[in-house]
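Student: Protein chains in written order, with our numbering: chain A, 1 to 326; chain B, 327 to 628; chain C, 629 to 1058.
It is worth saying that the hints were derived from the structure and are not from the lab.
Please note that a few of the clues may not be correct.
Pairs of lysine-lysine, DSS-like flavour, derived with a Cα cap of 27 Å [what the hints assert, rightly or not]:
1. C:LYS828 with A:LYS135
2. C:LYS1047 with C:LYS1023
3. C:LYS808 with C:LYS917
4. A:LYS135 with C:LYS837
5. C:LYS808 with C:LYS890
6. A:LYS324 with B:LYS414
7. C:LYS777 with A:LYS135
8. C:LYS669 with C:LYS1054
9. C:LYS1047 with A:LYS135
10. C:LYS857 with C:LYS890
11. C:LYS669 with C:LYS985
12. C:LYS777 with C:LYS857
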Amino acid sequence: MHKFKPSNTSRFLGFVFLGIFLVYLSNTVDELRVYQGATVAMYVVAISSIILLTGYSGQVSLGHGALLAVGGYGAALLRNNFNAPIWLCFAGAVLMAAFWGALLGATAARLSGPYLAGTTLALAVGLPSIANQFKFLGGEQGLIFDIGLPPASLGETFSQYKWFFWIASLTALISMWWLQNLLRSRYGRTWRAVRTQSIAAELAGIHVARSKVLAFTISAGLAGLAGALLSMTISTVSPGAFPLSLSFALATGAVISGVTTLGGVIIGAVTLVAIPEIADSLARRIGASENATINLPGLLVSGLLIVTVLFIPNGPVEQIRQRKMK
Amino acid sequence: MFQIFNTFLIGVTAGSIYALMAISMVLVWRSTRVVNFAQAGMALLSTYFGYEVIHQVGSYWLALPIAMISGAIVAAVIELVFMRLLLKHSSQGAIASIAPIIATLGLLGLIKSMIGYFWGNQDVSIESPLSNVGFTLGTQTLALSPMKLFILIVVSILVIALTFVFQRTNLGLALRASAYAPEISRLAGIKVDLVRTFGWAVAGAAGGAAGMLQTANGNGALSPDSLEFSLLLAFGFISAVIGGLDSLLGAVLGALLLGLVLAFVLTYIGGSLVFITAFVLLLVVLLIRPAGIISQRAGRRA
Amino acid sequence: MIGKNRRKLIAASAVIAAGSMLLSAAPAQAADPGLTSSSIKLGITIPMTGIASPGYNKIPGAMKAYFEYVNANGGVNGRKINLVVKDDQYIPTLAVAKANELILKDKVFALIGTLGTASTKAISRSAQLSARGIPSMFVNTGFSGFADKKAYPTSFSLLPSYQMEAKVMGKYLDDNFAGKKVGLIYQDDDFGVDALNGFKQAGVNFAIKIPYASGSQAVAGVPGTWITKLQAAAPDVVILFGVSSATAAALGNAYAYKYAPKWILGSVGGDATTLAANKVPPAFLAGAKGLSFAPAPSDATDEYIKMFMDVNTTYNKGVAFDNNIVAGMTSAFLAVQAIKAAGPNLTRKSLIAAIEKGGATFANPALSPLGYSSTSHIGATGYWIGTYDATGALKPDGGKYTVYTTDSGTGPVVISNYKRPAMPAKGLPN
Chain A
1 MHKFKPSNTS
11 RFLGFVFLGI
21 FLVYLSNTVD
31 ELRVYQGATV
41 AMYVVAISSI
51 ILLTGYSGQV
61 SLGHGALLAV
71 GGYGAALLRN
81 NFNAPIWLCF
91 AGAVLMAAFW
101 GALLGATAAR
111 LSGPYLAGTT
121 LALAVGLPSI
131 ANQFKFLGGE
141 QGLIFDIGLP
151 PASLGETFSQ
161 YKWFFWIASL
171 TALISMWWLQ
181 NLLRSRYGRT
191 WRAVRTQSIA
201 AELAGIHVAR
211 SKVLAFTISA
221 GLAGLAGALL
231 SMTISTVSPG
241 AFPLSLSFAL
251 ATGAVISGVT
261 TLGGVIIGAV
271 TLVAIPEIAD
281 SLARRIGASE
291 NATINLPGLL
301 VSGLLIVTVL
311 FIPNGPVEQI
321 RQRKMK
Chain B
327 MFQIFNTFLI
337 GVTAGSIYAL
347 MAISMVLVWR
357 STRVVNFAQA
367 GMALLSTYFG
377 YEVIHQVGSY
387 WLALPIAMIS
397 GAIVAAVIEL
407 VFMRLLLKHS
417 SQGAIASIAP
427 IIATLGLLGL
437 IKSMIGYFWG
447 NQDVSIESPL
457 SNVGFTLGTQ
467 TLALSPMKLF
477 ILIVVSILVI
487 ALTFVFQRTN
497 LGLALRASAY
507 APEISRLAGI
517 KVDLVRTFGW
527 AVAGAAGGAA
537 GMLQTANGNG
547 ALSPDSLEFS
557 LLLAFGFISA
567 VIGGLDSLLG
577 AVLGALLLGL
587 VLAFVLTYIG
597 GSLVFITAFV
607 LLLVVLLIRP
617 AGIISQRAGR
627 RA
Chain C
629 MIGKNRRKLI
639 AASAVIAAGS
649 MLLSAAPAQA
659 ADPGLTSSSI
669 KLGITIPMTG
679 IASPGYNKIP
689 GAMKAYFEYV
699 NANGGVNGRK
709 INLVVKDDQY
719 IPTLAVAKAN
729 ELILKDKVFA
739 LIGTLGTAST
749 KAISRSAQLS
759 ARGIPSMFVN
769 TGFSGFADKK
779 AYPTSFSLLP
789 SYQMEAKVMG
799 KYLDDNFAGK
809 KVGLIYQDDD
819 FGVDALNGFK
829 QAGVNFAIKI
839 PYASGSQAVA
849 GVPGTWITKL
859 QAAAPDVVIL
869 FGVSSATAAA
879 LGNAYAYKYA
889 PKWILGSVGG
899 DATTLAANKV
909 PPAFLAGAKG
919 LSFAPAPSDA
929 TDEYIKMFMD
939 VNTTYNKGVA
949 FDNNIVAGMT
959 SAFLAVQAIK
969 AAGPNLTRKS
979 LIAAIEKGGA
989 TFANPALSPL
999 GYSSTSHIGA
1009 TGYWIGTYDA
1019 TGALKPDGGK
1029 YTVYTTDSGT
1039 GPVVISNYKR
1049 PAMPAKGLPN
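Work the whole structure out from these sequences, hints included.
Tutor: Structure, rendered in structure tokens:
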């Protein structure tokens, strides 16, 4: 298993430079953008978990919001009950979501396309009501997830949002670096084989079901991490933060990014954050009626989604790559 | 004893509402192999057309067929301009498994925003044409009213008529053939594209009926953000999956099973278990039969 | 020579640049964001679309209408009020994002009327309202926690808590239905838990309690099972402590099954207009009991309601007048009072201080006393009990509003002798 090819070093350096650039960026843009940046980083992790699942292992989940919830609650419980440090909360979130993902994945491996979609959809619909059944989950108002103030060594003017942004970006960079190594490894090739030629893969000695469960588990772990990041940016975790529309939004982001390439993940993440704001200012500029103003964001997201699926189904990155090859 | 009987009636009538939605999902799945999440939006839009008719003319009985016809037209148009493009561009590679789902989700959002733009985001209301008061049996009131009886009759007629069309006519054969093997069907002289559009149109009409009936049976309120329609979609889809997605009869059985299980769980176990019960029921059914109650072939690979 | 001049020029421009920076920074230090000598910017995030939006999405329009009315009459201390509305779809994540946009981009002076317990909590924590000193006026939730000054030093609530409401109901049951069998339908989350605590304190024993999961009232068949359960247990009195759609669903199904106990409707789900729009025949509602802290929307003899109706006609395109409109305008009215009281040298701090100091005596439509003080941020503290008539309008028992007041703790329920301050002329705070 050649995990570390020479080109890995340069890729690693690429990630380091990206990190340095983000630090520079966080010092130049205003606080709102820094906050949105943290949300973008969260979406990067969440969308990549969908890309791994759908683009690489060929499974469909409409209920990833539920796995984000597992991660968010896991992190908050660790923080509130054991006063765990942030990194441990995140690790706990990953493990807890991965555990549930493995269980779900074991079921999912038996199901094909629409049946899996239905099951995950039912999970996303059913999950929020659980939080109200158990007192330690805090009911509808949820739990507080407070990661604390930024360290004093960063200076007094260092804002809370910049701290969120740094943590979220670092987390996203590390997990993306790890994920792309994973996808280039034997596992990545196995998943691709299973997705494109599952019968051939089986004949070639690949354990199809096991490979699918593994993909689901890792995807769930990433989703859990995203859930912890999401809870961090809103400082709380509650059932309402993980509605069905979140699951749909993540699927949307994955398609806009292009499900087959991890490289486009930032496009989907930025789009999800930017669209409502663009719609807002657009509506204000053209002085739209109230009905138009309220409905414009939904219209833009849906329209963009449809255009993407119809005309650049494999995402912008893949599209450019194909055009270059022609 | 009477409580058991009424709970049974509640389960059956609720199931018949899910069944209408499940039927339209199955019709689309059978004709184009697409799980149509826009179904709720399409049903909502046709119900708004129905509302407009009631608003202008004042007759529910005129509004119901018009809603069904407009539902059929909307569905046919969507299939013609939209799903064909989709099949052309996104039927290959990793995207193929998720593209139809995502595209129809996009469509759902698009339809909702457009309804919000034209009719506003606030509730409008539809009056029920028949009495909602239950029939009386001795001193007891049944959980069955003229309106609910009407719904049961409409669902039965639809299921029987559609089953007949699918199983006993050339059109039905063409529908099934073009979904399973479009290329071979084309060689056999079947106008595959036309047949698919027809499948969508029938589904659209069924969705329109579901919307009009559910609204009249429920609280009568209608809005682009209607919780009723989102849940109708979720429960209709869950019913269809339980039933096996390929079978009309399966969809109806799945819907009735879901309706009955929910009614009995809510009455005799716990009042707040609705959503989790639906999930557990789906999981249990799929663990026993991974392709639903009435599956065409065991272990089918989609 | 030229070089020297150039150096001078550079030095001069540097001085000018520095000076202009100082100048542009100076007003920011003098005044809080969102404030000029002629305007105030307020912001609200609320579900305008999404499953929780119907009904609530009328609130910002009502607020805007009242603010426009005030602006048309010269504003508050010469300042016109401008309300920026954001749609949060009832999702806490989105609510925080929108609140941040309001604070950091639109630079609003204060928040008003954020809705929903989870969203309000998330906004308060993540947007750091207390650290930034941003007032959050009259949050729209009955969860009593937001009145806790220590946890939420800049937030003020308006609605009485659900616990208070349950205690008032308990007192009413004690006085009128002692020894009768009581049933309850409640939402199985914090909303219901708060109420259960209140009922427990009031010593109410239920013959049957039916919880429902939030949203499940919209699933076909679910409300029917509530009624069959009630029929089997046969209580004399049934309390409906749920949201409007659940209350309507319960009443609609009871009507269908000809089931008619004595109903008591909680204030959250008791809006007659919403119920009528949800096919509950007004005649079926007749005789049911209801609670409210504000005058009934149908009570045109109330000076505030009359004024609100006029404002609604002129400035809100005459949309259907209901509890949501009353709620929105009441918040707006109180906000105007608070801004007025804070005086011409308005700051965020002085606004909070003004509510703490004079809030309890502000003129406002609420019929129960307001609890604002330097130690408490709770708004209305009680309810009046009325009976729905054959048109669906809630009429106070005995022809006048008798208000019961209590707290969210173990305090007793007593009849309040609070006398609401008279409405300022033309409904414009003076």
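Student: Compare the structure with each hint and give your call.
Tutor: Status of each hint after checking the structure:
no. : hint                     : in the structure
1   : C:LYS828 with A:LYS135   : holds (18 Å)
2   : C:LYS1047 with C:LYS1023 : holds (19 Å)
3   : C:LYS808 with C:LYS917   : holds (16 Å)
4   : A:LYS135 with C:LYS837   : holds (19 Å)
5   : C:LYS808 with C:LYS890   : holds (11 Å)
6   : A:LYS324 with B:LYS414   : holds (22 Å)
7   : C:LYS777 with A:LYS135   : holds (24 Å)
8   : C:LYS669 with C:LYS1054  : holds (24 Å)
9   : C:LYS1047 with A:LYS135  : violated (41 Å)
10  : C:LYS857 with C:LYS890   : holds (16 Å)
11  : C:LYS669 with C:LYS985   : holds (23 Å)
12  : C:LYS777 with C:LYS857   : violated (42 Å)
The structure is inconsistent with the numbered hints 9, 12, although it conforms to all the rest.
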